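S.K.: So the chains spell out like this:
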Amino acid sequence: DTGVSQNPRHKITKRGQNVTFRCDPISEHNRLYWYRQTLGQGPEFLTYFQNEAQLEKSRLLSDRFSAERPKGSFSTLEIQRTEQGDSAMYLCASSPRRAGSTDTQYFGPGTRLTVL
Amino acid sequence: GNSVTQMEGPVTLSEEAFLTINCTYTATGYPSLFWYVQYPGEGLQLLLKATKADDKGSNKGFEATYRKETTSFHLEKGSVQVSDSAVYFCALSESDYKLSFGAGTTVTVRA
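From first to last, the protein sequence lines stand for chains W and C.
Here this note's numbering = 1-based position in the first sequence + 604.
Here this note's numbering = 1-based position in the second sequence + 2.
Just so you know, the hints here were simulated from the structure itself, not pulled from any lab data.
Predicted model only: the values in this text are computed from it and were never measured.
Hints may be right or wrong, so weigh each one.
Claimed, not checked - Calculated pairs, DSS-like style, for lysine-lysine (alpha carbon to alpha carbon, straight line, at most 30 Å):
| id | chain 1 | residue 1 | chain 2 | residue 2 |
| --- | --- | --- | --- | --- |
| 1 | C | LYS70 | C | LYS51 |
| 2 | C | LYS100 | C | LYS62 |
| 3 | C | LYS54 | C | LYS100 |
| 4 | C | LYS58 | C | LYS100 |
| 5 | W | LYS661 | C | LYS51 |
| 6 | W | LYS615 | C | LYS54 |
| 7 | W | LYS675 | W | LYS615 |
| 8 | C | LYS54 | W | LYS675 |
| 9 | C | LYS54 | W | LYS661 |
| 10 | C | LYS62 | W | LYS661 |
| 11 | W | LYS661 | W | LYS615 |
| 12 | W | LYS661 | W | LYS618 |
| 13 | C | LYS62 | C | LYS51 |
| 14 | C | LYS51 | C | LYS100 |
| 15 | C | LYS100 | C | LYS70 |
Full structure from sequences and hints, please.
M.R.: What follows is the structure in structure tokens.
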């Protein structure tokens, strides 16, 4: 396994611009998760996919945020009309799905977003 | 809702010292409990986990026991090394998909 990869690792943008992040999970992991981590805090759950279906979205995921996983492999997280409050580390994780178990989530290195 | 409270840092220790990081949780059911570690410049890694009461998770000399009666999952290591310097996160999962994390505890081990 090559691990979960995320691109870009860093993104600096101006307020009001749109940004898109990509996550490539561990191959054959059918679950993919997005979290957001602000400075000095633990990660907060945003959303997750099982294969291509988005099954849960947090209240943190405002209308400006959209996530997709069109073929059940990689995923993208788009933020429209960015605000300074969107500045954070965006983490992606993946896991296999075994019935009746809480599977270990494997995290990527994250994309650090700075909104000026 | 579910929440995790962990010991505030930063924690600074000398090599070979004993480390304890306290973690308590609030949950409506019987969650699985985790410790994740984030080394400088790296992503979150699972350190250990426990899925039911009285289970002990262990890895790399670290241990934590799931205590239902005190709703705790304290992390311990008997003799820390400089390479243990990292941020440690306690987390729980009551569903089979969502992790709820504590704020993290920064540990620095001095030679």
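S.K.: Take the hints in turn and mark each one as holding or not.
M.R.: Hint by hint, here is what the structure shows:
1. The straight-line distance between the Cα atoms of LYS70 of chain C and LYS51 of chain C is roughly 14 Å, inside the 30 Å bound, and the hint therefore holds.
2. The hinted pair formed by LYS100 of chain C and LYS62 of chain C meets the criterion: a straight-line CA distance of about 25 Å does not exceed 30 Å.
3. With a C-alpha separation of about 17 Å, the suggested pairing of LYS54 of chain C with LYS100 of chain C holds against the 30 Å cut-off.
4. Pair hint LYS58 of chain C plus LYS100 of chain C holds up; C-alpha atoms about 22 Å apart against a cutoff of 30 Å.
5. At most 30 Å may separate the alpha-carbon atoms for a hinted pair to count; LYS661 of chain W and LYS51 of chain C meet this at roughly 25 Å.
6. Restraint check for LYS615 of chain W and LYS54 of chain C: not satisfied, since their Cα atoms lie roughly 40 Å apart, outside the 30 Å limit.
7. Of the supplied pair hints, the one linking LYS675 of chain W and LYS615 of chain W holds, its CA atoms being roughly 25 Å apart against a limit of 30 Å.
8. About 35 Å separates the Cα atoms of LYS54 of chain C and LYS675 of chain W, which puts this hinted pair outside 30 Å; it is violated.
9. As the CA atoms of LYS54 of chain C and LYS661 of chain W are separated by approximately 27 Å, the hinted pair is consistent with the 30 Å bound.
10. A threshold of 30 Å between alpha carbons decides the hint, and for LYS62 of chain C with LYS661 of chain W the separation of about 35 Å lies outside it, so the pair is violated.
11. At most 30 Å may separate the alpha-carbon atoms for a hinted pair to count; LYS661 of chain W and LYS615 of chain W meet this at roughly 24 Å.
12. In summary, the hint linking LYS661 of chain W to LYS618 of chain W is supported, as the alpha carbons are separated by about 26 Å, within the 30 Å threshold.
13. Taken as a hint, the LYS62 of chain C and LYS51 of chain C pair is honoured in the structure, with Cα atoms around 13 Å apart against an allowance of 30 Å.
14. With a C-alpha separation of about 15 Å, the suggested pair LYS51 of chain C and LYS100 of chain C falls inside the 30 Å cut-off, and the hint holds.
15. Pair hint LYS100 of chain C plus LYS70 of chain C holds up; C-alpha atoms about 20 Å apart against a cutoff of 30 Å.
Violated hints, listed in ascending order, are 6, 8 and 10; each of the other numbered hints is respected by the structure.
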